[in-house]
Amino acid sequence: MSDEYENKSGYQAQSSETMTGTGSGVSPDMDYVRPAENPEQDLYHAHSFIEKWVFCQDAKVIGVQYFLTAVFTGVVGLILSWLMRLQLGFPGLAGFITAEHYYQFVTMHGMIMVVYFLTALFLGGFGNYLIPLMVGARDMVFPYVNMLSFWMFFVAVAVLMASFFVPGGPTGAGWTLYPPQTILEGTPGHGWGILLMLISLSLFVIGFTMGGLNYMITILQARTRGMTLMRMPLTVWGIFTATVLAMLAFPALLVSSIMMTLDKLLGTSFFMPTILKAGEVLEYGGGSPILFQHLFWFFGHPEVYIVALPAFGIVSDLISVHARKNIFGYRMMVWAIVGIGALSFFVWAHHMYVSGMNPWFGFFFASTTLIIAVPTAMKVYNWILTLWRGNIRINTVMLWCLGFIVTFVNGGITGIFLGNVSVDVPLSDTYFVVAHFHMVMGIAPLMVIMGAIYHWFPLVAGKMLDEKLGKWHFWTTFLGAYSIYFPMHYLGFIGVPRRYYEMYDSPYMTSGVGLNEFISTAAFIVGAAQLILVFNIVKTMKTGKKAEKNPWKANSLEWYTSTVPPEHGNFGERLPVVHRWPYDYNVPGAEEDYLPQTAAPSEVAHTEVEKT
Amino acid sequence: MHAGIIFLLVIVGSVLFHIFTPWYWTDIASNWQGMDDTITLTFWVGGGVFVAVCLFMVYCVFRYSYKEGRKAEYKPEDKKLEKILTWATTLGVAALLAPGLIIWNQYVNVPKNAIEVDVMAWQWGWQYRLPGEDGKLGTTKVTNINDENPFGINVDDPFGRDDILVQSDFINLENNKPVKILLRSVDVLHNWYVPQFRSKMDAVPGIVTYYWFEPNKVGEYEVLCAEYCGVGHYAMRGGVEVQSTEDYNKWLSEQETFQDLIAKQQKLEFENKKLVKNNNLILNKDIYKEE
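The listed protein sequences correspond, in order, to chains H and U.
Quick note: the first sequence uses the numbering used here, first residue 1, plus one each step.
Quick note: the second sequence uses the numbering used here, first residue 613, plus one each step.
Excised from the complex, chain H in its bound form (with noise of 0.2 Å):
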């Protein structure tokens, strides 16, 4: 244990927290940061390859296998959406797409890709690896739990993977998975196929739950000194905040597993009411299908924030780092995060509006969803506000950010509309709402990981990535994907239902079809130009340019590790000591346009800070 105050000048720690008096003057007191109140954690170092590569105890590491196994599924996610707007668009061309396949590759593509996909990305993938770095820790609180967290998952995904090789296939019951047809016959893979997804569901919690108490003990406990909550980067804001949600959502979702795992099994009725079936009367009775319901959005909508959230927070910090210029209104950013992951508990019932529950309960969750409009719409200004004035570098990462903000408003302000209960009943299980999710929670999030690995590569990889065809990559992505998911709303005013196999015989869809070849077009091409973003690291891990240590010239800890990629331990011999949040950018009477944490008051002692 170190304490370099101690060291500098001999000067005992003392009790007082704050620091008042910045600006003028160099005195001794002014660089005081209270000592560690935790002793150094030992590090296990990988005595072999397995131990490094595969069973390996680091964070980073980790995180990065996370992100590849989430990226893997994702690409699973991504030709399953190509099959199904294949059927869609051109019906019976590819012959072999029955309605059975058809609602199993619906259901596999959503459920891989809100939990396998962005959930393992931002938390396993963006959190692992950022965490540790951005709090200056060594590495994760419980190394060993967190390798076995990725393991955990890893089998989840092999288990989900392998629902698509059983008798039956996989389960084809909506990502939602909304019982009695779930495990009912009349929907694909109601035997073997639902039970691996539900076993695959249980794992991941189990794995995201040592992964996650991780995450939340690593910020609350590990940060270095002078660290303090209120300096921490929004990125890591974000990550926090979505993992207690998660931590107190997924055990709805392992519960109505394990409910209906019992259901399927043993025949229990926890969701199962008398049902007729082919003029037989099945051996269930009580049971109510509305409350999986409400036990599946009681995590399904946190969830959607445990995805947002950390979205949020990394493109605050994207968006401040290449506009030269802090994040503005800081504290009212972290503020909407925490109250928006409060709000998320409250608005479960949202998504049932006309489920058949009770319709009184309809008044208080509109209330409730409306009112999370407005932290929502804080950080969006704030956003802008951020670039207002700022130095706006126009590079792919800020064009990711830009994309980002326009996808993002957009599905937010037709979240308005799904949300505002009455206006939600025409709306409601048609394409509007396939149109608005995929804009909120689809795009806007990818746009954020886009930007993010654009951003981070050189950390990770120690490699510039190549910016004309990143450019090339955003625009086909972020303008294809836009003429696929905007016009779409359109077809739900229509009021063409969603999950339809076909229905070009439909008087609805009259005028829709050459919308809805439209869409599918542009669909394939915005899968494959993500071959743009694999051709770019290739070909910038074979050619590319060395990237020198902070190209971005930003002020979080991650870029003020002791080698560029960081090496097991982060940080050298000493840990950084933070003296600052990481938004000093542009600072007046600074010599450079950027400030790190690591920059001691009396080092710049000349600059004007209105915060530290």
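Watch out, some of these pointers could steer you wrong.
Result set (SDA-like, lysine to any residue): computed pairs, CA atoms no more than 25 Å apart in a straight line [said to hold, decoys possible]: (1) U:K753 to H:G286; (2) U:K829 to U:S642; (3) U:K679 to H:E592.
Everything labelled a hint here was simulated from the structure, so no lab data went into it.
With chain H fixed as given, assemble chain U onto it according to the hints.
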């Protein structure tokens, strides 16, 4: 620069698309004009916010693109601005929520004079039941359902006898008469949805759910199942015809009641018995002959 122009085109394109779209909602055929109006209002307010935010972003891209040596403003917080924005947003949201809740209040409170229509759903089809002269539907039970009693009506319930049964995916409704749709399902979730009526609700096995509307345009409409119900979901469609009172009453008088069905079945049974008896006689004769 190029980036700003493309983003600007995306915003302008979105607005133009909305104005000139050939794809918009179907002509409304029910009393729920208020839903359409709230959507229009939300479009104006929400669309305005979308355009304003995006245009401001585009402006920043044009105006504050990177220039070597330029100083960005250093102003971590602006309490006043944040306060104004918070209150303005809250106000806007409240203005949208209010009409939404008012219409929802109408949606959940069914007018007293609404005619009840029992919509029964299964994998994969619909059938309908209307009250008879007593104006009341008889009670039902899933376990009662069989070939003789396709709606599962409680035979002891006097209100059930005169119920009018429509064993078809198609139903007729009377124009300008409020209808209370009572939904029931015998197996999984379904949802009886006609886009022109704007309204919908899930049918949930085990309970009876409801919603109401008042059709106000004579014509034929397609009925869609709007809640995923298994592999036949996309084919689970029906029809509804809204008719003038005169036509509707004519149609109604041609429909069979539960009483008619029972009578028909009893007659059938009686004839069956007779048939069996005759057969037995013939058989007996044959046996007799052989002996």
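**Item:** Given hint E592 (chain H) paired with K679 (chain U) - CA-CA distance at most 25 Å
**Value:** holds (14 Å)
**Prompt:** Does K829 (chain U) pair with S642 (chain U) here, judged by a C-alpha cut-off of 25 Å?
**Reply:** Holds. K829 (chain U) to S642 (chain U) sits at ~7 Å (cutoff 25 Å).
**Message:** Given the hinted pair K753 (chain U) and G286 (chain H), is their Cα-Cα distance within 25 Å?
**Reply:** holds (13 Å)
Hint violations for this structure: none, all hints satisfied.
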